[in-house]
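Participant: Sequences listed follow chains A and B, in order. Heads up: the first sequence at position 43 corresponds to 43 in our numbering, and the numbers run straight through without jumps. Heads up: take any position in the second sequence, counting from 1, add 1000, and you land on our numbering.
No lab work stands behind these hints: they were computed from the structure. Among the hints, erroneous ones may be present.
For each label pair, taking beta carbons as the anchor points, the in silico distance ranges come out as [as the list claims (entries may be wrong)]:
no. : chain 1 : residue 1 : chain 2 : residue 2 : range
1   : B       : 1112      : A       : 5         : 33 to 39 angstroms
2   : A       : 5         : B       : 1020      : 56 to 62 angstroms
3   : A       : 166       : B       : 1102      : 47 to 53 angstroms
4   : A       : 70        : B       : 1466      : 40 to 46 angstroms
5   : A       : 5         : B       : 1466      : 51 to 57 angstroms
6   : B       : 1377      : A       : 180       : 29 to 35 angstroms
7   : A       : 82        : B       : 1102      : 46 to 52 angstroms
8   : A       : 82        : B       : 1325      : 42 to 48 angstroms
9   : B       : 1039      : A       : 82        : 35 to 41 angstroms
Calculated Cβ distances over 12 angstroms to all of chain B for the following chain A residues [stated by the list, open to error]:
no. : residue
10  : 173
11  : 243
12  : 249
We put the beta carbon where it would ideally sit given N, CA and C, even for glycine.
Residues per chain, in single letters:
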Amino acid sequence: MLEAQHLTKRYHGLLAVDDVSFEIRAGEILGYLGPNGSGKSTTINMVVGLLEPSQGTVSLFGESLYADPAAYKRRIGYVPEEPYLYTHLTALEYLALVGGLRGMSRARVAGTSEHLLQLFGLWDSRYTAMSAFSKGMRQRVLLSAALLHDPDLLVLDEPFSGLDVNASLLFRTLLRLFVRNGKMILFSSHRLDVVERVCSRVAILHHGKIVAQNTVAGLRESLATSESLEDVFAHVTKQEDYTEVAEQILTAVGRH
Amino acid sequence: MPWRETGALARHFLQGLFRLNFLDDAGEESFRRVIIGLLAGFLAFGSWLPRLFARKYFYLGQLGQADVYLQALQADQLLMLCLPMFVVAMAMALVCQSLFPDETDYRILMALPVSRAAIFSAKLLALLAFASIFIITTNVAIGVPFAAISTGPLNPHYWPVRAVAQVAAGLLGAIFAAGSVIALQGLVSIATPRGSLRSIAVLMQTALVCALVLVVPILARVPTQGALLRAQPAWLSVVPPVWFLGLEETLLGSRDPYFVRLAELAISGTAAVGLMAALCYGFVYRRFDRVILRTEKGGKTSAIRRFRGRPEYAAVRAFTTATLHRSGLHQIVCLSICAAGLALTINNQDVLRAPLVLMFAAVLGLRAALLLPVTRQAAWVFRITENETRRRHQLAAVEHFVLECGVLVPMLITFPIQVKMLGWTDALVALPLTAALGILLVEIALLRWHRIPFTCTYLPGKRPVAHTFLLLLLSFSFFTAGGGALLSSAAAHDSTMPVAIFVFAALAAAFRLVRTQTNHNRPLEFEDELPESTYGLQLNS
């Protein structure tokens, strides 16, 4: 189980994440939602150990990230929001690099990489520098790298950006099957339709605070609504009716 | 022609020519400090140089021998023509990847209601402005003071006339240098197959920068070539800077057929490279999408050598090798510093010191290249996997890489030359001491090194530029002169040599111990930081 307790992050006095707590149980996919600038990526960076919280703790199966970062990081896989890769490397070289950095044996890295690249449809491009890859291809490389060491927790920050319909379907199915053996996923996305379909529970962040946390059905129930997750999201994050703003934008454009 | 759009684009392109994309905002701010430091250094040097020349011409004037005076004057005129040509060629070579509109320009600007003509005009304007900055400042800053200083009773021309001739010839020479680089880059862009354009362009840029660095010792010797110029050998007509000396002399009224011929070469040569550059621009303009838009489908890379050892060690070695192998920026930085070492070695002609000079340049070049980040946002993968147990092996990979490329390769290059010049015995005797000195150099260079190559942001100019320069100069002098003296003793079969080898090996071991112990406790660096302590003026003491 992943436990994030009272996570808080301040940047020069500015509160980006304010006392956020959540847990992901074995076999669960937690959807982590929030408007732009609500603190999602900051939380994720703290969960994967890229950012130190100003306050709070993160632990995986009782092992604290701060007590033994190496052991903690060994058990997680991460796909960042932007496909930041060393694009001068080939996909095969990148996976070899990640495997090496994770201390995996050469034989294991080679075997797993070959399978992953074949299954993700990247085998024919394995010797091509990733600078020539499309965003979707880079996203597939990132997911391969995150899965390479068979992690217990996958942390995915907008993993569907740039993916075509087929790849999205494959990813969705993959996520569902991944958690079958007691593994977990922290899934941050703006694609509420996907979140609604794959996530066991949802946590909604607003202005750095968790404003709702439950199953999708539970959220609907608590709000006494039968609307979609999008409407629930708009309700709990107090989204205003944008029709007026949209009209003002069009008027402003037309005026000049 | 939409001039406003073209003007705005030209400004954008011009700013881009001065931008260093591999630095973050803090790095660019730091870089500005370095530039200010360098300018201060140039100003100080620039005020010292005229005094040096003034003394020289005062002394020559006192001698009263017109022949000697004019011989020295001609050689110095050539140097003053070479310097702007060198600076302009170097500046153009450093930005030669941006001399033509590229794929980004195509994809972003062609989607806007901006015509192809506007994009090319803007790029050309930016290029002209960029080249003009260097062409005009170098020529005016060098030509006018030189003309004033070198005027004396033995000089047949009034100084403003000489200044005009010097600047005019210098301007044309610098235009020739700029045009040559543009034409060369244009030819490469047009003639290279799509798939290999990137690698060929990087190779050409690196070769150009290295060739220019190798030319520096020749430049330093130009003032001593007065007699050669007076002899007017025919082969000098293949050396472009000499054409412009001929032009200057012709402008000053000389009707010597040798100079007239050189002046003709200067004008026709400049016209030829100008025409070639224009044709290349025209060709790229006509076939913008075909020439510039590369699909990179053919950009297959050969698999990088696999390294033995622990996975984290092998990963860092492979990553370092692949990046240096494929990144143009890192290659240029590393190889141009190595080329400077090679130039010094060739100029020095001291066979015993040769490996030390090359080692110093190679270690310095490697260190500088490994410091520069590549795709700095992608370093998260190193951050997320960093830990105490792996750190040691990852840093060992860096150490071994620098030892192999910075010590072993220079020794392998120079050893056959030493054997040929000194004989087997002396070359073999010098070998262990050279190796010990090399290892010590690497230990000192990596003493505070605590990062995986290319993964940390970079803040240039953490020390004042003058401080860094002085430190480098002193270290270089101490390492090569001191090491060279020791190697000379070794060649003379000095019995204290085993002691010297032992002392250096012990020193290297001590540095290594300090480094590894420190590394064990500190996390790797991913964000470069300015030193916490400020340089106090200590006015109270």
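Participant: Against each hint, give a clear statement of whether it holds in the structure.
Facilitator: Each hint tested on the structure:
no., hint, result
1, B:1112 x A:5: 33 to 39 angstroms, "violated, 50 angstroms"
2, A:5 x B:1020: 56 to 62 angstroms, "violated, 43 angstroms"
3, A:166 x B:1102: 47 to 53 angstroms, "violated, 33 angstroms"
4, A:70 x B:1466: 40 to 46 angstroms, "holds, 43 angstroms"
5, A:5 x B:1466: 51 to 57 angstroms, "holds, 52 angstroms"
6, B:1377 x A:180: 29 to 35 angstroms, "holds, 33 angstroms"
7, A:82 x B:1102: 46 to 52 angstroms, "violated, 22 angstroms"
8, A:82 x B:1325: 42 to 48 angstroms, "violated, 26 angstroms"
9, B:1039 x A:82: 35 to 41 angstroms, "holds, 37 angstroms"
10, 173, "holds, 26 angstroms"
11, 243, "holds, 30 angstroms"
12, 249, "holds, 21 angstroms"
Checked against the numbered hints given earlier, this structure breaks hints 1, 2, 3, 7, 8; the rest are met.
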